[in-house]
Every structure is written in structure tokens, then in C-alpha cells.
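Engineer: If you want the building blocks of each chain, they are given just below.
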Amino acid sequence: MLNTLSRMLHTGLLTEPLPVPGQAIPPHEAMQKDMLAILGRALCIRHVDAGSCNGCELEIQALGNPYYNLEGAGIKFVASPRHADLLLVTGPVSVNMEEALKRTYDAMPDPKLVIALGDCGACGGVFGKSYASRGSVASVIPVNNTVEGCPPSPTAILGCILQTIRSSAAEA
Amino acid sequence: MLSTDRMEPQSTRLPANMPSSLLRLDREQWLETAQHLRASGASLLTLWGSDDRDRDLGFRIAAAYLLPDTVVVVEHLIAETSAPFYPSIAGLFPAASRMQRAVHDLLGISSGEPDTRNWLRHGGWPETFFPLRRDADGSKQFPVVSEPYPFVAVEGDGVHEISVGPVHAGTIEPGNFRFSVVGEKVLRLEERLGYTHKGVAKLFENLSQQAGHRLAARVSGDSAVAFSWAYCAALEAITDTPCPPRALALRALVLEHERLANHIGDLGALGNDAGFAFGLTHFSRLKEDLLRANSVAFGARYLLDYVIPGGVAVDLAAPALGLLIELYDTLESSVNNLRAIYDNHAGLQDRFREAGRLEQNTAETLGALGLVARASGIACDLRVDHPWSPYNSLAVKMITQAGGDVAARVQVRFDEVLESLRLCRALLAELPAQPIHTPVPTAAPHLLGIGLIEAWRGPVMIALETGRDGGIRRCHAHDPSWQNWPLIDYAILGNIVPDFPLINKSFNLSYSGQDG
Numbered sequence: 533m534l535n536t537l538s539r540m541l542h543t544g545l546l547t548e549p550l551p552v553p554g555q556a557i558p559p560h561e562a563m564q565k566d567m568l569a570i571l572g573r574a575l576c577i578r579h580v581d582a583g584s585c586n587g588c589e590l591e592i593q594a595l596g597n598p599y600y601n602l603e604g605a606g607i608k609f610v611a612s613p614r615h616a617d618l619l620l621v622t623g624p625v626s627v628n629m630e631e632a633l634k635r636t637y638d639a640m641p642d643p644k645l646v647i648a649l650g651d652c653g654a655c656g657g658v659f660g661k662s663y664a665s666r667g668s669v670a671s672v673i674p675v676n677n678t679v680e681g682c683p684p685s686p687t688a689i690l691g692c693i694l695q696t697i698r699s700s701a702a703e704a
Numbered sequence: 317m318l319s320t321d322r323m324e325p326q327s328t329r330l331p332a333n334m335p336s337s338l339l340r341l342d343r344e345q346w347l348e349t350a351q352h353l354r355a356s357g358a359s360l361l362t363l364w365g366s367d368d369r370d371r372d373l374g375f376r377i378a379a380a381y382l383l384p385d386t387v388v389v390v391e392h393l394i395a396e397t398s399a400p401f402y403p404s405i406a407g408l409f410p411a412a413s414r415m416q417r418a419v420h421d422l423l424g425i426s427s428g429e430p431d432t433r434n435w436l437r438h439g440g441w442p443e444t445f446f447p448l449r450r451d452a453d454g455s456k457q458f459p460v461v462s463e464p465y466p467f468v469a470v471e472g473d474g475v476h477e478i479s480v481g482p483v484h485a486g487t488i489e490p491g492n493f494r495f496s497v498v499g500e501k502v503l504r505l506e507e508r509l510g511y512t513h514k515g516v517a518k519l520f521e522n523l524s525q526q527a528g529h530r531l532a533a534r535v536s537g538d539s540a541v542a543f544s545w546a547y548c549a550a551l552e553a554i555t556d557t558p559c560p561p562r563a564l565a566l567r568a569l570v571l572e573h574e575r576l577a578n579h580i581g582d583l584g585a586l587g588n589d590a591g592f593a594f595g596l597t598h599f600s601r602l603k604e605d606l607l608r609a610n611s612v613a614f615g616a617r618y619l620l621d622y623v624i625p626g627g628v629a630v631d632l633a634a635p636a637l638g639l640l641i642e643l644y645d646t647l648e649s650s651v652n653n654l655r656a657i658y659d660n661h662a663g664l665q666d667r668f669r670e671a672g673r674l675e676q677n678t679a680e681t682l683g684a685l686g687l688v689a690r691a692s693g694i695a696c697d698l699r700v701d702h703p704w705s706p707y708n709s710l711a712v713k714m715i716t717q718a719g720g721d722v723a724a725r726v727q728v729r730f731d732e733v734l735e736s737l738r739l740c741r742a743l744l745a746e747l748p749a750q751p752i753h754t755p756v757p758t759a760a761p762h763l764l765g766i767g768l769i770e771a772w773r774g775p776v777m778i779a780l781e782t783g784r785d786g787g788i789r790r791c792h793a794h795d796p797s798w799q800n801w802p803l804i805d806y807a808i809l810g811n812i813v814p815d816f817p818l819i820n821k822s823f824n825l826s827y828s829g830q831d832g
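Chains Z and U supply the protein sequences, listed in that same order.
Note that the working numbering numbers the first sequence so that position 77 is 609, with each residue one more than the last.
Note that the working numbering numbers the second sequence so that position 291 is 607, with each residue one more than the last.
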């Protein structure tokens with residue numbers, strides 16, 4: 533126990549400021565205030581792997597590490613689409629996941645946001661359209677925003693999530 | 317009865333990054349050879365099929381076996397093309413069962429295996445469409461027609477079923493798990509996979525030999541270095557192109573970085589799944605440090621396009637050397653410190669020990685590979701048993717644990733992290749001089765070569781057959797998850813449902829790598 537506490541103390545806080553596209557980096561608190569103004573509460577994300585190679589999943593998981601500290605910014609991943617504000621979809625949509633993806637989308641309450649993550653989600657990537665793949669996420673469900681990259685970095689993913697919330701608030 | 321006029325198997329040397337041979341067999345020999353190999357303790361590496369009707373050779377079924385001193389690929393040509401058939405080897409190598417079902421889905425070749433349920437085809441394309449046949453248009457799209465999948469039913473007082481997936485609760489890949497339980501206790505688990513099938517094998521046929529490594533890297537993103545190296549090793553062996561020593565050393569360095577990133581990430585996730593969030597925080601921080609160092613040293617956090625035919629894409633910049641050495645020191649002291657915390661944490665050890673035990677004889681019978689096999693007492697690691705360059709000069713230490721439980725898989729990861737750090741330091745200390753790349757000529761058509769690499773999960777394999785005009789005729793990519801997925805069905809028996817996430821994580825298998 534002493535060892536555990538000592539490691540915590542010596543490690544300290546590692547969390548870095550959040551990125552904002554086209555702006556100087558604001559402090560964590562400003563971002564949380566923005567999010568509160570836009571959503572009125574924390575942001576809940578449901579992730580669906582619709583056929584990814586699992587590369588994008590690794591970078592989504594990285595968002596939870598202490599440097600990005602996603603939950604500290606008021607964003608959390610939820611286990612059910614019924615609790616989600618935003619759907620984060622990875623992969624080209626495999627035909628074997630098409631129905632599961634549509635059902636997940638339908639199960640979300642309105643208003644719902646969708647981000648297609650990675651080159652595959654954005655345009656089909658190296659897999660494209662075939663007997664086994666529908667290509668981009670947008671060819672199966674409506675998409676609000678995309679993040680390119682193979683895989684996109686955690687900073688790029690975070691930037692896209694924040695930009696998506698902003699534009700949806702601006703439209704509303 | 318043995319007939320005298322039967323074709324004698326001709327063994328030829330097979331281009332590969334380790335000693336390998338190719339045997340052409342008739343139908344009886346296909347099964348006899350499998351029996352002989354089973355008796356001599358061989359492991360089944362992979363099984364795949366091809367359509368050679370355009371060359372008047374019918375269909376072809378092939379299997380790769382790993383022996384203590386060599387790799388043997390056996391091929392059987394199936395002349396009968398209206399109802400193509402080959403004898404199932406699943407009775408000898410149970411892991412072949414799902415592979416044979418997949419071969420049927422993609423090529424319409426039957427094995428006579430009693431389990432005839434579809435494996436990769438979930439109703440997304442018609443039963444009469446076999447995508448890997450030469451005359452099948454791979455770009456054709458079909459509407460999804462949902463088909464029922466008859467899971468094996470368990471009956472009895474108080475038995476009920478829990479269906480989990482394909483969409484899971486966390487950030488993980490899709491698959492369906494059907495638990496038959498009494499109370500909390502699992503009586504049976506049946507997996508259904510194939511959800512992320514993206515038609516990789518068919519896509520390879522449209523690529524040039526010089527471009528295939530990019531798709532290979534994306535068979536399973538967490539093993540991108542291993543798959544792209546396996547692809548390049550096969551192509552370089554076919555074209556007899558020796559890869560420059562510096563490129564080989566850098567490939568091994570990034571392969572060990574891939575092992576480190578995955579093992580360190582898993583150690584954190586395993587702590588978290590056992591209720592110790594502290595572990596996730598600290599290990600995920602170390603993993604991020606490693607990924608950021610990758611970005612500086614090799615140009616990207618995840619090295620999907622680093623290994624290229626003939627070498628590597630970017631040289632290691634001199635300033636990165638110091639950064640990497642510093643990183644290895646930090647990782648080593650932190651991992652040792654965290655290991656002591658894990659080992660002395662009673663609550664954590666209580667969850668790890670005895671959970672998800674895979675007995676050694678079960679692992680051997682079912683053909684376990686890689687990390688999972690080593691945690692069940694089976695000493696197998698291509699870097700030790702069949703060291704290809706540069707591993708032949710590194711004397712990699714074999715890491716095993718006898719326990720077969722979650723705790724054993726945790727300990728193997730700890731030991732392998734430390735051994736990987738030793739290898740990284742050794743590679744950096746004697747990094748050969750430039751160049752990092754050599755041109756790879758275009759290969760003639762119809763040449764087969766294989767590449768085998770010990771990835772962090774176990775051996776990944778690429779079987780590459782060249783096509784005309786620098787194209788690819790057939791490329792089969794195999795992840796050891798094929799062998800190790802069925803093992804979870806056994807490891808979970810008698811455990812409680814809430815321990816499944818922990819046990820599953822301790823295996824951490826690839827869905828995409830299995831689904832193709």
C-alpha cells in the first residue's frame with residue numbers, strides 16, 4: 533500500500549491541456565464550461581467497431597490515459613447507446629456489422645451525433661467497398677463529422693469531438 | 317490399402333525466412349501426413365484454399381505445420397471441381413475446424429467436417445457466392461439477409477443463456493459470446509466470430525506485390541509490424557532479395573516496441589478489469605510514453621507503414637537514440653516497481669490466481685500458440701526455436717509459466733516486457749550501418765513463399781503466391797487468434813460470468829485478425 537501511495541505521489545498530475553482547432557490552447561476549465569454551455573452536462577459517447585482492424589480502438593483507449601484524461605474533461609464512454617449523445621464509429625462497415633450498427637444508431641435518443649473515425653470510417657480506407665464491406669460509415673448511417681488518419685492520434689480524435697459539439701451547438 | 321502407383325510426395329525447398337519445405341500430396345497422403353505430423357508433435361500453423369481452375373489444376377487446399385526444426389507446407393490439388401472435397405484434419409488438429417468452415421464460406425470446398433455452420437458468412441452475401449473463386453466479382457454488393465445461427469443448446473434445471481455482443485460494452489472489437497449458465501457459473505461458452513470480415517484475401521488479388529504490405533499491416537492493427545514484416549519476408553524470400561542488416565535490426569526493434577506497447581497496455585487493462593484502476597493509470601501512461609517515442613524515432617505512434625518491401629521506410633534519427641535509451645530505463649524501473657505492487661496486492665492476486673485456467677494438456681491438444689501457450693507451460697517462441705535474422709544473434713530467452721491461469725498470463729507479460737527491453741538495448745547497441753532499403757525486383761508468376769514472425773500474441777504467417785505482371789495471385793494472412801479463440805471456451809468453464817472480461821482480456825485475442 534505504501535508503495536502504491538508513493539508511486540502516486542511521485543507521478544503527480546500528468547494531464548495536458550485540451551486542443552481546440554484553430555485556437556490557442558485553453559485551460560481545462562474553459563473547455564468544461566463550453567461543454568456545459570453546449571450540452572448542459574457531460575458528454576456521453578458510445579463506440580462501435582463496425583469492422584475496424586483494431587488500430588483506431590487503440591487510440592480511442594489512449595484518450596483515457598492520464599495525459600489526455602478524457603473523463604476529467606467531462607467526456608465519458610458509456611456501455612449503452614440509450615445513454616449516448618454521440619456515436620463514435622470505427623472501421624469500414626463490414627456487411628456482417630451493418631445491421632448491428634444500424635440498430636445501435638436507432639437505439640440512441642435524439643438529437644444524436646455521429647463521428648466516423650479513421651480513414652476507413654471516413655472513406656473506406658484500404659478496404660473500400662466489396663462483397664464484405666460497405667465502405668464509409670456515411671454509406672450506412674448519417675454522419676456529422678470525420679477524423680482521418682490511420683489511426684488518427686488521440687489529439688485529432690479529441691479535437692474532432694469538440695469541434696462536432698461546437699458546430700451542433702451553433703446549428704441549434 | 318496403399319497403392320503402388322500412387323504419387324510419391326516430392327519435397328521442395330520453400331522460400332521463407334526460416335527453413336521450410338513444400339510437399340505436394342494426394343488425398344490419402346493429405347490425411348496420412350496430418351496423422352504423422354500430429355504423432356510427431358507438430359503444431360498446425362494455418363490452413364487455406366485457392367482456386368486454380370483457370371490453370372486447369374482444380375482447387376487447392378494447403379496447410380502449414382510447425383516442427384521443431386522446420387516448417388512444412390503441404391498442398392493437395394482437388395481435381396473434382398463440381399463438388400470439391402478434401403478430408404478434414406480437425407479430428408487431429410481441432411483448431412482446423414473453424415479454418416475449414418471459413419474455407420468453405422470463401423471457396424465452396426468441403427471438408428466433410430460434421431459442423432457445417434457458416435463461419436465468416438453471416439448472410440451478407442448469398443450461399444451460392446464464393447468470393448475467393450476466380451470468377452467471383454469481389455466488388456459486388458449484396459443486401460444482408462439475416463440467417464439464424466444454431467448455437468449448441470445446454471438443457472437442464474435452471475440453465476439459461478446469456479448472449480453478449482456483437483456490440484460490446486467497451487471500446488473493443490465485435491463478436492458474439494453465448495454463455496449457458498446456472499446461477500453465475502458458466503457451463504458452456506460458445507463463440508461466434510466473423511463480424512469484422514472485410515474480404516482481405518480477395519482484396520490482395522487486386523494489389524501489386526509492392527503494395528501488399530500495407531493491407532497486411534491492417535489485418536490486425538495491433539500486430540501491424542509483425543504482419544507487414546511477414547509479408548515482406550515472404551516477398552523477399554521469393555525474389556531472393558537479402559534485406560539490409562540495418563533494416564532487419566530496425567524491423568526487430570519496432571517489432572519489440574509493438575510487443576512492449578501491447579503487453580504494457582494489457583497489464584494496465586488487466587489490473588483495471590480486476591478492480592485496480594491504479595494499474596491502468598500507470599501502465600497506460602507508460603504506453604503513451606512509448607508511443608510518443610515511436611513518433612519521434614520512427615515517424616508515427618503506430619507503425620503501420622514502417623516495414624516496406626526491401627527494408628524500412630524511415631531511418632532512426634541519431635537524436636532519437638538517447639531518447640530511446642532513456643525510455644528503456646524509465647520503462648524498466650517503472651515496470652519493476654509496478655510488478656512489485658501487483659505481486660503484493662492481495663485483492664488483485666485473489667482475482668488473478670485460479671481464474672480462467674487453461675491446463676497444459678488442453679492447450680497442447682487444441683494447438684495453443686504464442687503467449688497463451690507459454691503461460692500454460694508450452695515452450696514455443698519462433699524467436700527462440702526458429703530464429704530468423706536478426707534474432708539468430710540475440711539469443712532470445714524463452715519465457716514460460718506453468719499455471720495456465722490469468723496470473724500466469726500476467727507473469728509471462730511482465731517477463732516478456734523485461735526481455736524485450738533487453739533486446740531493444742542490444743539492437744540499438746550494435747545497429748549496423750546504412751542502407752535501410754534495397755529494391756525488390758518483380759517476381760515471376762506462380763511462386764509461393766511464406767513469412768513467419770513471432771508477434772506479441774504468437775506466430776503470424778503470410779503465404780504469398782505471386783501473380784502475373786507484378787501482381788498477387790493469392791495471399792493468405794493468418795493470426796494465431798484462430799488457434800487461441802477456442803481455448804477461451806475451455807478456460808472459462810467453471811468460472812463465473814463476471815470473471816469473463818478479465819479472462820478474455822488475459823488472452824486479448826484479435827477479432828479482426830481472425831475474421832480477415
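Honestly, I wouldn't trust all of these hints.
Listed next, the stretches of chain Z that the computed footprint assigns to chain U, with coverage defined by at least 3 CB atoms under 8 Å from CB atoms of chain U [stated by the list, open to error]:
| no. | region |
| --- | --- |
| 1 | 537 to 543 |
| 2 | 572 to 586 |
| 3 | 670 to 680 |
| 4 | 692 to 700 |
Treat the hints as calculated values from the structure; they're not laboratory data.
Note that the Cβ used here is the ideal one computed from N, Cα and C, for glycine as well.
Engineer: Per the coverage rule (Cβ-Cβ under 8 Å, at least three residues), is the region 670 to 680 of chain Z covered by chain U?
Structural biologist: violated (count 0)
Engineer: Can you tell me if the region 537 to 543 of chain Z counts as covered by chain U, using C-beta to C-beta distances under 8 Å and a minimum of three residues?
Structural biologist: Since three or more residues must qualify, the claim that chain U covers the region 537 to 543 of chain Z holds, with 3 doing so at under 8 Å.
Engineer: Three residues or more, CB to CB closer than 8 Å: is that satisfied between the region 572 to 586 of chain Z and chain U?
Structural biologist: Holds, because 8 residues of the region 572 to 586 of chain Z bring their Cβ atoms closer than 8 Å to Cβ atoms of chain U.
Engineer: Checking C-beta pairs, does the region 692 to 700 of chain Z have three or more residues closer than 8 Å to chain U?
Structural biologist: violated (count 0)
Of the numbered hints listed earlier, those contradicted by the structure are 3, 4.
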